[in-house]
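Novice: The lines below spell out each chain.
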Amino acid sequence: MNNHATKSKYHRKLNGDTVLVVGMLVLLVSVEGFIIYKILAETWEIAGNFFYLYVIFVGLIVVIETIGCLRVRESIKNHMFEFKYYD
Amino acid sequence: MGWNFTVAKGGVLGSLLAMLVAGTMYVIISLCASELGSATKLAGGPYDWARLFIGPGAAASVGLAVYMEYIALEAADAIVVAFIAQSIFPELQVFPVTLLVIALLTFINYRGVVAALTLNFVLTMIAFIAIVVFFFATAFGTVNIHPEYLFQGALPNGMIGLFAALQFGPWFYLGIEGAAMCAEECKHPSRAVPLGQQAGMITLLIGAAMTLYLCAVLIPADLLGVSVYPLFEAAQNSGIFIFVALLGLGTFLTCVASANGCVCDSSRSWFALSRDNYVSSWFSAVHPKYNTPYRAVIFTVPVAIGFAFSGFLDQVITFSIISGLLCYVLIPFSLIRFRKLFPQTTSRVRPFVGPLQPYIAYFAIVIAITILSTLFWGYKYNLIFAFVFYGIAYFYFSHRHKSSNIENNWTEMGWPLPRGSENVRTGKEAMGLGDE
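Protein chains in written order, with numbering that gives the first Met the number 0: chain X, 0 to 86; chain V, 0 to 435.
With the rest of the complex left out, here is chain V (with noise of 0.2 Å):
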């Protein structure tokens, strides 16, 4: 759900190109961050490139955009979860099991992670390998399609929706990014990162192409643009009953296996920010017994239901996306800045070095910037709101840190100081002189 929305703006051909232009920036941030997570090993990802190639002020805006991203990206999971689960049951209200779903998904994880991620992974196969074989069985015309419905719905609201429909376009890949974040706990990260990324981001690219095309040839545009369970709305239109069953499963479970990895990100990212005292350090406890950051975890519960409250699935998807191209700005950004910082390309600093840098870095932040533009077209209170949180979070947390004079250490990490830096130190070192 969420990406379909780029069919109410700019109709099938609108989707289209909002799918290649969103993808083209997400092949791009994939390859960034490829290179950034395999070269800091942290878990903290954007955050941390952010903090160490950036700044303070940039890191929290970032740490900040990563809580909210996948935080109203939980709550949008949990809405469609509840939507299915009426679908089914129709005297179910939808706020209720909205708001049991969080409870159960942050209970999953104050408990722990591993088992609730390697569910996450079971149930999202399984969804893949269904609108695959779904997929095949349209192309090779075992499912009777509607051709019609792609002239019918092509650019509905002409050449402006072509450009609308892009601010859409990122829930097709929304937090792929993420599998770098995974850098701390892989045996070889250097390896695993990029190799990860690069697979992860290829199944996405396949499997929105092919969720596009089946939606647009089984429903008729108009109801494809407002649709909260698109798949699940497809297979019941192809009236074969083993596609309804397994992507109305397949839609609900992918949606809880979501939420659950939302959970698990956001409270990571707000952990970090206590850790590091951008927020109060009382978060940052971890839990005894289950070795989970365990007030992180409850504390992503207030906030999604704040989020889930609203009701209003394209106003949470409209927060998530606005957060998420602020980090798609600023990760490029960190690799550029990377780059200059430490041009070595020596396997301790920099194991993968990512092809047709920094240019493409430039495109990708080109790109992020366009598609925040779009959202002007329905959602500039929004836009407007997200620029002032996130502009007061990245002063204030600047000033706050430029007082407390946290250095990075190099060393630790195993890396050489970065280029610039001895200049900086002898120039201290003179003054020091110079004082005594």
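Extracted from the complex, chain X is given alone in its bound form (with noise of 0.2 Å):
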């Protein structure tokens, strides 16, 4: 019964570190797109000579920070019981 309590608080409250995490990306992706939408849009007779170096350089932030959130997601769900990290 009290290991059923442990492991129900304990995936609790990696969900929580899920959704806060999800959160912030979801805003980073709503953020970052529409900045260089309204930037690029005003400026497209000069930027869209070299448009392509914004979508590949957003585009490395979002891939690379999104595996990165998921591998510490993969991390600590691994390790929470061994180190105990929502007691």
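Some hints here could point you the wrong way.
What the hints assert, rightly or not - Here are some of the chain X residues that sit facing chain V, going by a computed Cβ distance under 7 Å:
hint : residue
1    : 25
2    : 28
3    : 74
As the list claims (entries may be wrong) - Mimicking DSS-like on lysine-lysine, the simulated pairs with C-alpha atoms at most 25 Å apart in a straight line are:
hint : chain 1 : residue 1 : chain 2 : residue 2
4    : V       : 186       : X       : 12
5    : V       : 186       : X       : 76
6    : X       : 8         : V       : 339
7    : X       : 83        : V       : 186
8    : X       : 76        : V       : 401
9    : V       : 40        : X       : 83
10   : V       : 339       : V       : 401
11   : X       : 37        : X       : 83
12   : X       : 83        : X       : 6
13   : X       : 76        : X       : 37
14   : X       : 83        : X       : 12
15   : V       : 186       : X       : 6
16   : V       : 40        : X       : 12
17   : X       : 83        : X       : 8
These aren't lab readings, by the way, just hints derived from the structure by calculation. Fair warning: this is a prediction, and the values are worked out from it, not measured in the lab. Cβ atoms here follow ideal geometry from the backbone N, Cα and C, with glycine treated the same way.
Using the hints, build the complex out of the two chains.
Specialist: Here it is as structure tokens:
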């Protein structure tokens, strides 16, 4: 019973961490997408020749950060009972 | 402040590219710092990683670079605080106020750091909320913006400006790798360091993007490029009192908070160098009552005043960036060495395994060197001076510590021997037997 309660508490707290990171990632993609669209749309006559530079680097930021966050979640999930993260 | 010098070099488009390129580098550096910080659990951060995985020369160079990076940043923050104070009270002089800020923060850090850092967190949170509210108010049309400023200041210096703007890109995120330096004080560093580092990095990416957009649509590019407090100016141009008050106070308080954190980090770096006998061990004394490295804290004053005395914000910022970039070359390199020496992925050695390594670590090194090279436009003497300074430090400390023959005690950290050391040990034992 106690073990079940601990497991339930750990998974609830893990979900809390996951929601925090997913929420921030969604905000990151929205904000970066918004400002890049706004700036490139206003300056398209100039930026049209090299817009791909912005696409490449924003893509790298989002992809690497997302994979990194997934790996952080996986690491917490794997070690949460071993290191008693949520006691 | 500081990031807006990207606009002076490359216009709005140069600034946007610098923000994204530097952001990519910092995302990778954060992942490297997460893996290294959660594995070593040491407060010295980049200095300790270089000491353990590269060698004494690199460790001393990184220790000095962290010290210089933060102390120059402290001076820059103090200068901005003084400028804001002068804009509110025009009779004030900038230099005496700068000195007063440095002295006050040194005193706070001399007495203890916990309350000061808690205050830092609250001040930064207020400023971040102010930026988010200001951004959404602008995005939803509550504030009158000038989209024409984006086109007018898009690329004033042509394609070369796009490249030159990279040199101030790190200022959007400078110092975020310091989050991993709290590992020793965390209850669960293997969870707190990677999670805190990534959360901090995403917060900075969001804050940087919002700040750039707000300032670019509210301040003409030629004024934005030379502004000392761009967010405050953007708020003033919006004409809405609540934003002027919030952003004015927010800029002032975050600069104080940032300078305060810098005194803490730079003094700890100098303390670590002293503790390991890289500099005089006199600095490693701990205060009997306040438990702070008080001599190292006090020693930040003359150096910070030296930087502040120049009065040129861009010069101070440039030295901080060069020192930071040296760290951003050596942090990924420490990770590459760590993975070679300790390939194990056990919970004890490496509780957090970063993704896509070591390829992205090499990529971060390439970006850091590229940004360093762009400093050639406008700051080549600073660049040459920094190379000579850190080069001499590297060879001096390598030579000095080769003779003292200090070895890392891996078993004390609960780690196995690094790969390849078994052969060295067998060889040494065989030589010892031969001598006998």
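Novice: Indicate, hint by hint, whether the structure satisfies it.
Specialist: So, going through the hints one by one against the coordinates:
With its C-beta approaching chain V no nearer than about 10 Å, residue 25 of chain X sits outside the 7 Å limit, and its interface hint is violated. The beta carbon of residue 28 of chain X comes no nearer than 10 Å to any beta carbon in chain V, farther than 7 Å, and the hint placing it at the interface is violated. Below 7 Å, beta-carbon pairs count as interface contacts, and residue 74 of chain X has one with chain V at about 5 Å; its hint therefore holds. Taken as a hint, the residue 186 of chain V and residue 12 of chain X pair is honoured in the structure, with Cα atoms around 16 Å apart against an allowance of 25 Å.
Note on residue 186 of chain V and residue 76 of chain X: the hinted pairing holds, with a Cα-Cα distance of about 17 Å set against a maximum of 25 Å. Using a Cα cut-off of 25 Å, the hinted pair residue 8 of chain X and residue 339 of chain V is violated, with the two alpha carbons roughly 38 Å apart. For the hint pairing residue 83 of chain X with residue 186 of chain V, the CA-to-CA distance comes to about 10 Å; that is within 25 Å, so the pair holds. Simply put, residue 76 of chain X and residue 401 of chain V have alpha-carbon atoms about 43 Å apart, too far for the 25 Å limit, and the pair is violated.
Restraint check: the Cα-Cα separation between residue 40 of chain V and residue 83 of chain X comes to about 17 Å, which is no more than 25 Å; the hinted pair holds. A C-alpha spacing of about 22 Å is found between residue 339 of chain V and residue 401 of chain V, which places the hinted pair at or below 25 Å, so the restraint holds. Taken as a hint, the residue 37 of chain X and residue 83 of chain X pair is broken in the structure, with Cα atoms around 46 Å apart against an allowance of 25 Å. Restraint check for residue 83 of chain X and residue 6 of chain X: the C-alpha separation of about 11 Å stays at or below 25 Å, so the hint holds.
The hinted pair formed by residue 76 of chain X and residue 37 of chain X fails the criterion: a straight-line CA distance of about 39 Å is larger than 25 Å. Of the supplied pair hints, the one linking residue 83 of chain X and residue 12 of chain X holds, its CA atoms being roughly 12 Å apart against a limit of 25 Å. In summary, the hint linking residue 186 of chain V to residue 6 of chain X is supported, as the alpha carbons are separated by about 20 Å, within the 25 Å threshold. Using a Cα cut-off of 25 Å, the hinted pair residue 40 of chain V and residue 12 of chain X holds, with the two alpha carbons roughly 23 Å apart.
Restraint check for residue 83 of chain X and residue 8 of chain X: the C-alpha separation of about 11 Å stays at or below 25 Å, so the hint holds.
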